[in-house]
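So you can see what is in the structure, the chains are spelled out below.
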Amino acid sequence: DSGVTQTPKHLITATGQRVTLRCSPRSGDLSVYWYQQSLDQGLQFLIQYYNGEERAKGNILERFSAQQFPDLHSELNLSSLELGDSALYFCASSGRTGGGTEAFFGQGTRLTVV
Amino acid sequence: AQSVAQPEDQVNVAEGNPLTVKCTYSVSGNPYLFWYVQYPNRGLQFLLKYITGDNLVKGSYGFEAEFNKSQTSFHLKKPSALVSDSALYFCAVRDDTGRRALTFGSGTRLQVQP
Chain A
1 DSGVTQTPKH LITATGQRVT LRCSPRSGDL SVYWYQQSLD QGLQFLIQYY NGEERAKGNI
61 LERFSAQQFP DLHSELNLSS LELGDSALYF CASSGRTGGG TEAFFGQGTR LTVV
Chain B
1 AQSVAQPEDQ VNVAEGNPLT VKCTYSVSGN PYLFWYVQYP NRGLQFLLKY ITGDNLVKGS
61 YGFEAEFNKS QTSFHLKKPS ALVSDSALYF CAVRDDTGRR ALTFGSGTRL QVQP
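Which chain is which? The protein sequence lines are A and B, in order.
First residue of the first sequence: 1, per the working numbering; consecutive thereafter.
First residue of the second sequence: 1, per the working numbering; consecutive thereafter.
Hints were generated in silico from the structure; no laboratory data involved.
Hints may be right or wrong, so weigh each one.
[What the hints assert, rightly or not] With a cut-off of at most 30 Å between alpha-carbon atoms, the simulated DSBU-like pairs for lysine-lysine come out as follows:
(1) Lys58(B) - Lys69(B)
(2) Lys9(A) - Lys49(B)
(3) Lys9(A) - Lys69(B)
(4) Lys77(B) - Lys22(B)
(5) Lys57(A) - Lys9(A)
(6) Lys69(B) - Lys49(B)
(7) Lys49(B) - Lys22(B)
(8) Lys49(B) - Lys57(A)
(9) Lys22(B) - Lys57(A)
(10) Lys69(B) - Lys22(B)
(11) Lys77(B) - Lys58(B)
(12) Lys77(B) - Lys49(B)
[To be verified] Stretch by stretch, here's where chain B covers chain A in the computed footprint (C-beta under 8 Å, at least three residues):
(13) 41 to 48
(14) 101 to 107
Cβ atoms here follow ideal geometry from the backbone N, Cα and C, with glycine treated the same way.
Let the hints inform the model, and build the full structure from the sequences given.
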């Protein structure tokens with residue numbers, strides 16, 4: 001168990017809809033990262049937050065947004081969903097004081113858009 | 001920009017034989033290098049990392065990796081493969097210049113035959 005919790009584990013929704021994925025980082029970790037894993041694109045970095053502030057942005061679509069709350073949990077919002085958004089979405093965390101440089105991953109949310 | 005190449009989509013090895021999974025990287029500044037393993041329907045698990053120091057790093061489950069700066073490589077190795085090592089392996093790199101998200105390779109599927 002990595003200590004990173006993602007909910008829900010599975011999500012099936014229709015095109016055009018909006019969903020919210022939730023991530024609780026490991027206790028003490030200040031950074032949260034979101035990744036998208038699809039068969040044709042591999043693991044793509046979407047966005048990073050550090051202690052509530054956006055730190056880095058990757059290949060995140062404008063239809064997608066994220067935030068990190070004061071209790072350090074994070075949410076990834078996906079809107080106007082398309083079939084191509086079907087993928088496994090991972091959250092990872094790192095950055096606790098005295099911790100290592102590696103990121104720890106949750107088990108992912110599998111999103112299916114129909 | 002930073003990138004990782006894993007030239008082999010799949011590596012097949014017999015149980016008890018040594019295994020190598022290849023990784024080369026490109027990054028500005030000093031590299032932070034990582035290996036992760038993904039089992040079916042699971043998140044990524046951290047195996048090992050290179051930050052600085054000894055070029056041979058040891059990690060979980062008997063895996064080790066060799067950092068070669070001149071060849072910009074970080075190959076994953078194990079002296080004696082187990083059937084339970086069969087999984088998807090990802091190499092990742094992070095720079096030390098401020099953008100702290102990991103960039104992943106495309107993954108290599110390791111198949112260990114009994």
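Mind checking the alpha carbons of lysine 69(B) and lysine 49(B) for me, to see if they're no more than 30 Å apart?
-> 15 Å, holds
Annotated coverage of the region 41 to 48 of chain A by chain B, confirmed only when three residues or more have a Cβ within 8 Å = holds (count 4)
Quick one, are lysine 57(A) and lysine 9(A) close enough, alpha carbons at most 30 Å?
-> 24 Å, holds
Chain B covers the region 101 to 107 of chain A, three or more CB atoms within 8 Å, holds or violated | holds (count 7)
Restraint status (C-alpha distance of lysine 69(B) to lysine 22(B) at most 30 Å) = 14 Å, holds
Take the C-alpha atoms of lysine 22(B) and lysine 57(A), compute the straight-line distance between them, and say whether it is at most 30 Å.
-> It holds: about 28 Å lies between the C-alpha atoms, which stays within 30 Å.
Given pair status - lysine 58(B), lysine 77(B), alpha carbons within 30 Å | Since the Cα atoms of lysine 77(B) and lysine 58(B) sit roughly 10 Å apart, the hinted pair holds (cutoff 30 Å).
Starting from lysine 9(A), check that the Cα of lysine 49(B) is at most 30 Å away, please.
-> 28 Å, holds
Taking only the CA atoms, is the gap from lysine 77(B) to lysine 49(B) under or equal to 30 Å?
-> 13 Å, holds
Are the Cα atoms of lysine 77(B) and lysine 22(B) separated by 30 Å or less?
-> 9 Å, holds
Take a quick look at whether lysine 58(B) and lysine 69(B) sit within 30 Å of each other, Cα to Cα.
-> Answer holds: lysine 58(B) to lysine 69(B) is near 17 Å, not above 30 Å.
Holds or violated: lysine 9(A) with lysine 69(B), Cα cutoff 30 Å?
-> 40 Å, violated
In this structure, only the earlier hint numbered 3 is contradicted, and the remaining ones agree with it.
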